[in-house]
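Protein chains in written order, with the UniProt record's numbering: chain A, 1 to 135; chain B, 1 to 132.
Calculated directly from the structure, the hints in this document are not laboratory data.
All of these numbers come straight from a predicted model, not from anything done at the bench.
Watch out, some of these pointers could steer you wrong.
Pulled a few chain B residues facing chain A out of the computed Cβ check, cut under 10 Å [unchecked claim]:
1. F12
2. A30
3. G33
4. G39
5. P42
6. F51
7. E52
8. Q73
9. Y77
10. H112
Restricting the straight-line Cα-Cα distance to at most 20 Å, the calculated cross-link-like pairs of lysine to aspartate or glutamate (EDC-like) are [what the hints assert, rightly or not]:
11. A:K80 - A:E120
12. A:K103 - A:E115
13. A:K80 - B:E72
14. A:K122 - A:E5
15. A:K122 - B:E72
16. A:K80 - A:E115
Note that CB positions come from ideal geometry on N, CA and C, so glycine has one too.
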Amino acid sequence: MTRLEPGAALPAQEYAVTRADLVRYAGASGDFNPIHWSERVATHVGLPGVIAHGMYTMALAARAVSTWTDDATVLELGCKFTQPVVVPDDDIGVVVVVAGTVKSVEDGRATLALEVRSGEQKVLGMPRAVVVVDG
Amino acid sequence: MAVDPSIVGRSFPRTRPYPVTEERLRTFAAATGASWEGGPAPATFPIVLAFEAMNAFLEAEQVELRRVVHGEQRFAYERPVVPGDVLTATLSVASLRQIGGNDVIGTRSEVHDERGALVCTASATLVHRGEQ
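With the rest of the complex left out, here is chain B:
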């Protein structure tokens, strides 16, 4: 089922507060074969927040996760994520193109800290593959 084009421009509810702990950073780094021994989070860590926002969005729009592949990802960081941060992500739909039976969905997730300051903007293109 194609995604409804009227979603462009819509913002979705922000995710629940996510406490960034040393343990979570250690686990995330270890999952990519690296080690985290203090300091800022690995650069791609904010994807954890963005994924939570994306999953909620896909569920709300009844898009089957298994039909989605990641097309593009960009991060622009205002500051590194550090342990002790409590973060939320707010996703908005920036664009939608329908190409050859696939939906190409441009999303923008803004990650904020507990004071409401922008930490990072994660822009993702999601390709929703149509039924062949």
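The shape of chain A in the complex, shown without the other chains:
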């Protein structure tokens, strides 16, 4: 576990996302919006292609938080979905990178500012988590 001290940089976590992952996530989450599996529908409604569920990307951010904090209890989690994560129709998919910084630690809680990128682009706006810390 990374020590949660104010200013500490949290080691970036990389996750690959493929179309198959999106199909699986649709089933597990109950979000069957076709923009997450149909190129035809996605482009018809003006999207650049099939995009990952925002909640899939947020789940990856939560995975990173879990890794950094040794599964600390999460009190708050939030973000804006500012850029779509376009997932190509191949076996490689797209890589999402989750980095973070400890903003503050006080009153038994740590606030983590995250940075979530796909390629050069930040895909989440102001992703942030507040977790319980011991001591």
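Starting from the structure of chain A, add chain B where the hints point.
For chain B alone, coordinates are given in the frame of chain A:
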């Protein structure tokens, strides 16, 4: 078709009780490439409840799901979700703005356990894209 502004402030019927089983947590975690081996649910798991409430809301308002993109999501947790919980979600519409032909709908789904205690509040902004 634009969403009727009179929905702001309205609450929708709570979702049917959802039993949180170990199998469901394992499946949800696996769907994001993680593994669940006991303990509390992954942090974003309450979205399963919130989605059920959102789908019912979109259907009631005749909003086409394919025209909706998720704009923002916030969770505030009172306690983690654990296996054995039986949860329901109640959605209310917090705000509606119409910007450039799109409806920006602010929703708030409160997730309660079987004793009626609040477990988590999931606030979502849904962007309903107008016909271009």
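Against the structure, the hints:
1. Interface hint at B:F12: violated, since its Cβ lies 16 Å from the closest Cβ of chain A, which is beyond the 10 Å cut-off.
2. Of the supplied interface hints, the one on B:A30 holds, with its beta-carbon coming within about 7 Å of a beta-carbon of chain A, less than 10 Å.
3. Nearest Cβ of chain A to the Cβ of B:G33: about 6 Å, under the 10 Å cut. The hint holds.
4. Given the 10 Å rule on beta carbons, the hint for B:G39 holds: about 7 Å separates it from the nearest Cβ of chain A.
5. Here the hint on B:P42 is kept, as its CB sits about 6 Å from the closest CB of chain A, short of 10 Å.
6. A distance limit of 10 Å between C-beta atoms decides the matter here; for B:F51 the minimum to chain A is near 5 Å, and the interface restraint holds.
7. The beta carbon of B:E52 comes within 6 Å of a beta carbon in chain A, closer than 10 Å, and the hint placing it at the interface holds.
8. With 10 Å as the threshold, the beta carbon of B:Q73 comes within range of chain A, its nearest partner Cβ sitting at about 6 Å, so the hint holds.
9. Taking 10 Å as the C-beta contact cut-off toward chain A, the hint placing B:Y77 at the interface holds, the least distance being around 6 Å.
10. A least Cβ separation of about 18 Å between B:H112 and chain A goes past the 10 Å threshold, and the interface hint is therefore violated.
11. The hinted pair formed by A:K80 and A:E120 meets the criterion: a straight-line CA distance of about 18 Å does not exceed 20 Å.
12. Restraint check: the Cα-Cα separation between A:K103 and A:E115 comes to about 12 Å, which is no more than 20 Å; the hinted pair holds.
13. Annotation: proposed proximity of A:K80 to B:E72 holds, straight-line Cα distance about 4 Å (limit 20 Å).
14. Between the alpha carbons of A:K122 and A:E5 the distance comes to roughly 25 Å, so the proposed pair goes past 20 Å and is violated.
15. Restraint check for A:K122 and B:E72: the C-alpha separation of about 15 Å stays at or below 20 Å, so the hint holds.
16. Distance restraint check for A:K80 and A:E115: the Cα-Cα separation of roughly 12 Å lies within the 20 Å cut-off, and the hinted pair is therefore satisfied.
Comparing the model with each numbered hint stated earlier shows that hints 1, 10 and 14 do not hold.
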